[in-house]
Amino acid sequence: MTTDTNQPESTTPVEAKKCLLGKCNCTTIFNIAISVALVVLFALHFTGIGQGSCRLIGSNRADTNQVDVNANLRIAYINSATLMQDYELAIQLRAEFETERTRLTGELGRRQRSFQADVERFQREVQTGAITSTAAQARERDLMQMQQELVQLNETYTNRLMQKEVEMNQQLLDALNEFLVRFNADGNFDYVLGMAQGGGILYAAEQHDITLEVLTRLNEEFLANRAQ
Numbered sequence: 001m002t003t004d005t006n007q008p009e010s011t012t013p014v015e016a017k018k019c020l021l022g023k024c025n026c027t028t029i030f031n032i033a034i035s036v037a038l039v040v041l042f043a044l045h046f047t048g049i050g051q052g053s054c055r056l057i058g059s060n061r062a063d064t065n066q067v068d069v070n071a072n073l074r075i076a077y078i079n080s081a082t083l084m085q086d087y088e089l090a091i092q093l094r095a096e097f098e099t100e101r102t103r104l105t106g107e108l109g110r111r112q113r114s115f116q117a118d119v120e121r122f123q124r125e126v127q128t129g130a131i132t133s134t135a136a137q138a139r140e141r142d143l144m145q146m147q148q149e150l151v152q153l154n155e156t157y158t159n160r161l162m163q164k165e166v167e168m169n170q171q172l173l174d175a176l177n178e179f180l181v182r183f184n185a186d187g188n189f190d191y192v193l194g195m196a197q198g199g200g201i202l203y204a205a206e207q208h209d210i211t212l213e214v215l216t217r218l219n220e221e222f223l224a225n226r227a228q
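Numbering (this note's numbering), first residue to last: 1 to 228.
Accuracy of the hints is not assured; some may be wrong.
Estimated spans, in silico, between C-beta atoms of each pair [to be verified]:
| id | residue 1 | residue 2 | range |
| --- | --- | --- | --- |
| 1 | Glu100 | Thr128 | 16 to 24 Å |
| 2 | Ala224 | Met144 | 26 to 34 Å |
| 3 | Arg182 | Ala117 | 53 to 61 Å |
| 4 | His208 | Glu178 | 19 to 27 Å |
| 5 | Glu178 | Ala138 | 28 to 36 Å |
| 6 | Gln148 | Gln85 | 35 to 43 Å |
| 7 | Glu100 | Val181 | 29 to 37 Å |
If you're looking for bench data, these hints aren't it; they were derived computationally from the structure.
Each residue gets a CB set at the ideal place from its N, CA and C atoms; glycine is no exception.
Whenever a hint applies, use it, and build me the whole structure from the sequences.
Below, the structure written as structure tokens:
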């Protein structure tokens with residue numbers, strides 16, 4: 001039985017995990033997911049494999065790394081950070097996630113504070129002899145059970161937020177992919193790439209940037225659908 005009043009935190013190791021909820025960062029995950037999803041190869045455009053814009057040559061030679069690139073290959077890119085910042089759907093999803101994160105964090109925090117108060121009250125009773133040995137042992141078991149429940153609750157809430165992120169990511173990616181297929185229905189581009197800081201694209205000329213056009217049309221469609 002613990003009676004040391006100088007270290008009350010030792011009875012509440014769940015505090016060490018409290019920060020987990022605060023570490024969920026949907027913006028980072030969205031940015032990574034968008035950068036991957038925006039690398040779109042429109043299959044309808046490549047109906048003839050023999051007429052593809054890029055083919056490997058020299059397959060019967062020792063050097064098979066030489067690539068014949070068609071001069072007419074049409075590429076555009078989208079700045080995924082700008083899209084994440086200004087796309088109305090992404091803004092809405094971030095707000096929904098933050099609301100849920102705040103709610104769960106607040107609920108967990110209230111339970112942790114209540115548990116801490118119970119621990120401190122128990123310690124005072126032990127110090128002053130206001131509780132019998134038998135009652136103290138029973139109370140200590142109750143507190144240990146409450147502590148375990150808090151640990152499990154923290155894990156449950158963390159997993160719930162992670163699942164919500166996954167679902168929101170999928171919703172966002174589905175919307176982007178569906179739009180890009182329609183956007184490129186006339187076959188203007190062979191590739192639409194996602195430009196992100198620290199990503200695989202180190203340089204892209206500004207004339208290939210279609211971020212503003214895509215963002216404008218995405219938001220127009222989103223706001224129109226929301227108004228219905």
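Verification of the supplied hints:
{"no.": "1", "hint": "Glu100 to Thr128: 16 to 24 Å", "verdict": "violated, 43 Å"}
{"no.": "2", "hint": "Ala224 to Met144: 26 to 34 Å", "verdict": "violated, 56 Å"}
{"no.": "3", "hint": "Arg182 to Ala117: 53 to 61 Å", "verdict": "holds, 57 Å"}
{"no.": "4", "hint": "His208 to Glu178: 19 to 27 Å", "verdict": "holds, 22 Å"}
{"no.": "5", "hint": "Glu178 to Ala138: 28 to 36 Å", "verdict": "violated, 60 Å"}
{"no.": "6", "hint": "Gln148 to Gln85: 35 to 43 Å", "verdict": "holds, 42 Å"}
{"no.": "7", "hint": "Glu100 to Val181: 29 to 37 Å", "verdict": "holds, 31 Å"}
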